[in-house]
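Student: Each chain, letter by letter, is given below.
Number of protein chains: 2
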Amino acid sequence: MKRILIVSAHPEPRSLNAALTAFAVDHLRAAGHEVRLSDLYAMKWKPTVDADDFPDHVSQEDRRLHVMRDSEEATLSGRLAPDIAAEQEKIRWSDALILQFPMWWFSTPAILKGWIDRVFTSGFGYGPEVPPPYDDNGSALAGRRALLSVTLGARETAFSDRGIHGRLTDVLHPLQHGLFWFTGMTPLEPFAVYDTDRMPAERYAPAREAYARRLDALFTETPVPFRPLTGGDYDHDMRLLPGRERPGTEGLDLHTRPAPRPGLSR
Amino acid sequence: MKRILIVSAHPEPRSLNAALTAFAVDHLRAAGHEVRLSDLYAMKWKPTVDADDFPDHVSQEDRRLHVMRDSEEATLSGRLAPDIAAEQEKIRWSDALILQFPMWWFSTPAILKGWIDRVFTSGFGYGPEVPPPYDDNGSALAGRRALLSVTLGARETAFSDRGIHGRLTDVLHPLQHGLFWFTGMTPLEPFAVYDTDRMPAERYAPAREAYARRLDALFTETPVPFRPLTGGDYDHDMRLLPGRERPGTEGLDLHTRPAPRPGLSR
Numbered sequence: 004m005k006r007i008l009i010v011s012a013h014p015e016p017r018s019l020n021a022a023l024t025a026f027a028v029d030h031l032r033a034a035g036h037e038v039r040l041s042d043l044y045a046m047k048w049k050p051t052v053d054a055d056d057f058p059d060h061v062s063q064e065d066r067r068l069h070v071m072r073d074s075e076e077a078t079l080s081g082r083l084a085p086d087i088a089a090e091q092e093k094i095r096w097s098d099a100l101i102l103q104f105p106m107w108w109f110s111t112p113a114i115l116k117g118w119i120d121r122v123f124t125s126g127f128g129y130g131p132e133v134p135p136p137y138d139d140n141g142s143a144l145a146g147r148r149a150l151l152s153v154t155l156g157a158r159e160t161a162f163s164d165r166g167i168h169g170r171l172t173d174v175l176h177p178l179q180h181g182l183f184w185f186t187g188m189t190p191l192e193p194f195a196v197y198d199t200d201r202m203p204a205e206r207y208a209p210a211r212e213a214y215a216r217r218l219d220a221l222f223t224e225t226p227v228p229f230r231p232l233t234g235g236d237y238d239h240d241m242r243l244l245p246g247r248e249r250p251g252t253e254g255l256d257l258h259t260r261p262a263p264r265p266g267l268s269r
Numbered sequence: 004m005k006r007i008l009i010v011s012a013h014p015e016p017r018s019l020n021a022a023l024t025a026f027a028v029d030h031l032r033a034a035g036h037e038v039r040l041s042d043l044y045a046m047k048w049k050p051t052v053d054a055d056d057f058p059d060h061v062s063q064e065d066r067r068l069h070v071m072r073d074s075e076e077a078t079l080s081g082r083l084a085p086d087i088a089a090e091q092e093k094i095r096w097s098d099a100l101i102l103q104f105p106m107w108w109f110s111t112p113a114i115l116k117g118w119i120d121r122v123f124t125s126g127f128g129y130g131p132e133v134p135p136p137y138d139d140n141g142s143a144l145a146g147r148r149a150l151l152s153v154t155l156g157a158r159e160t161a162f163s164d165r166g167i168h169g170r171l172t173d174v175l176h177p178l179q180h181g182l183f184w185f186t187g188m189t190p191l192e193p194f195a196v197y198d199t200d201r202m203p204a205e206r207y208a209p210a211r212e213a214y215a216r217r218l219d220a221l222f223t224e225t226p227v228p229f230r231p232l233t234g235g236d237y238d239h240d241m242r243l244l245p246g247r248e249r250p251g252t253e254g255l256d257l258h259t260r261p262a263p264r265p266g267l268s269r
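As you go down the protein sequences, you meet chains X and R in turn.
Per the working numbering: the first sequence = residues 4 to 269.
Per the working numbering: the second sequence = residues 4 to 269.
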């Protein structure tokens, strides 16, 4: 039995995203897991970071709001706004985190970005008082699996290797590597449903079945092989050392370990 | 004389982002341009897309909210929420758009993501009633230059070609290519100030001067050479045709035209 937190971000309770969320809750519970749900629209989640997030700051009118410093002080002193503290507690409790959202403008809806901005404070997700980032053995949130479940209006070809929207893996890099891996979580390959703009009803059952297989493998499948910062691959300026990558590799692919070539024993 | 819209997203009026915004407004006006400013925190911008954005929808309680369809209908019928319509009018008015923000979690603050989510509706930024995307000659917002001005807590090396955070150009791809280029705008190289977490005061003047040089070149510098969808480089499934790229290129670099090699006349 594991503990799973699902964070869902869609304004319409009858949407595909809401259906996938409800399905995941039921499916994981039926498998014996504990599940908690943060349905951000239903919770009327406040998306904007501001001084109200750090109650101690409010009384200091003459002091500039410095988001990183003030969020860190509030985190370490246990004086964050209660809605933020509650979400942090859910993440600490969890063995796995699932983010369910429609891709809007090649990223999360603003309400989910605001959950990330406000919850992953310095002192909680990273920062001087916790171990260094990019390390699944020791970073702040290490030990948790992390899955993006995303719906996309576009066709899959447009997000394929040569698709004009960019590879899905590159478009989601800020979340997979920048949020999950940075804080020490273990990112899995995203689960994606394409061409959902006016999706016919008969496509829902196959999508749900495909999602069920991913949920069943949540704690067993091989994660994305991002490189740890502290594993000897990077220099002191956080740059990948020469020669560590497959020859010709560029861009974001530098930061995954090269896959063993098929047919080559290692 | 040109018309420039600056959209700024920081909660603290005494922040570096606020200073760069104020500097840009003054500098561009001193050069004879017209400038409008959307200071999202000062405006208390609503970040979340919901049914209130489309007043005609509210009266139809039994109808599911379908964000793309409902936003498109509201856009084409002139029935969007007034705050959205006002921002669309500013963009239509502009010859250039500047987004000023601190990078939070490898993306924009939620309030700015919510400006993007709500303002760039189907029917305005893209959609069946406007020309196809990814074309600076014809897409919905063609004719406008677009500049990201971003502050980053990290050091520049961590966002360099081999830096662990990913190349800045890849991390900003969802905005540069996914928002600006998709809607037909002409993206420039981003302006970035690094290592801003506790930036000493003496670094502000050089940063301001560097920004001034970029602002002076807003309408003259060479833009990022993204490929147009309709220029013959992509197939009908929106995939780059074989052989169009510099050999060995992969990932997001596929979608820029190869630079002429130094010393090679073309």
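Among the hints, erroneous ones may be present.
Unchecked claim - Here are the simulated BS3-like pairs of lysine-lysine, each with C-alpha atoms no more than 27 Å apart in a straight line:
hint	chain 1	residue 1	chain 2	residue 2
1	R	49	R	93
2	X	47	X	93
3	R	47	X	47
4	X	47	R	5
5	R	93	R	47
6	R	47	X	49
7	R	93	R	5
8	X	93	X	5
9	X	49	R	49
10	X	49	X	93
What the hints assert, rightly or not - Over 12 Å on every C-beta distance to chain R, these chain X residues come out as not near it, computed from the model:
hint	residue
11	6
12	39
13	58
14	80
15	108
16	139
17	156
18	164
19	169
20	176
21	208
22	223
Hints are computed from structural coordinates only; laboratory data are not their basis.
Where is the CB? At the ideal position from N, CA and C, for every residue including glycine.
Student: For the pair we were handed, residue 49 of chain R and residue 93 of chain R, check the Cα-Cα distance against 27 Å.
Tutor: With a Cα-Cα distance of about 17 Å, the restraint between residue 49 of chain R and residue 93 of chain R holds, given a limit of 27 Å.
Student: The output says residue 169 of chain X does not contact chain R. Does that hold with a beta carbon cutoff of 12 Å?
Tutor: Label violated. Min Cβ-Cβ 5 Å, cutoff 12 Å.
Student: Quick one, are residue 47 of chain R and residue 49 of chain X close enough, alpha carbons at most 27 Å?
Tutor: Holds, at roughly 12 Å.
Student: Non-interface claim for residue 156 of chain X: all C-beta distances to chain R beyond 12 Å?
Tutor: The claim is violated: residue 156 of chain X sits with its nearest Cβ about 7 Å from chain R, within 12 Å.
Student: So if I understand the rule, the pair passes when the alpha-carbon distance is 27 Å or less; does residue 93 of chain R with residue 5 of chain R pass?
Tutor: holds (13 Å)
Student: Just want to verify: residue 176 of chain X was marked as not at the interface with chain R; is every Cβ pair farther apart than 12 Å?
Tutor: violated (6 Å)
Student: Would you assess whether residue 164 of chain X, listed as outside the interface, keeps its beta-carbon beyond 12 Å of every beta-carbon in chain R?
Tutor: Violated, since 8 Å does not exceed 12 Å.
Student: For residue 58 of chain X, is the shortest CB-to-CB distance to chain R above 12 Å, so the non-interface label stands?
Tutor: The assertion about residue 58 of chain X holds, with a minimum of 15 Å to chain R.
Student: Would you check the hint for residue 47 of chain X and residue 93 of chain X, treating anything up to 27 Å between C-alpha atoms as holding?
Tutor: Holds. Residue 47 of chain X to residue 93 of chain X sits at ~17 Å (cutoff 27 Å).
Student: When you check the alpha-carbon spacing of residue 93 of chain X and residue 5 of chain X, does it fall within 27 Å?
Tutor: holds (13 Å)
Student: Find the nearest Cβ of chain R to the Cβ of residue 139 of chain X and say whether that gap is larger than 12 Å.
Tutor: holds (14 Å)
Student: Would the least Cβ to Cβ distance between residue 80 of chain X and chain R come out above 12 Å?
Tutor: With a cut-off of 12 Å, residue 80 of chain X remains clear of chain R, as the shortest Cβ separation is near 20 Å.
In this structure, the hints that do not hold are numbers 4, 15, 17, 18, 19, 20, in rising order.
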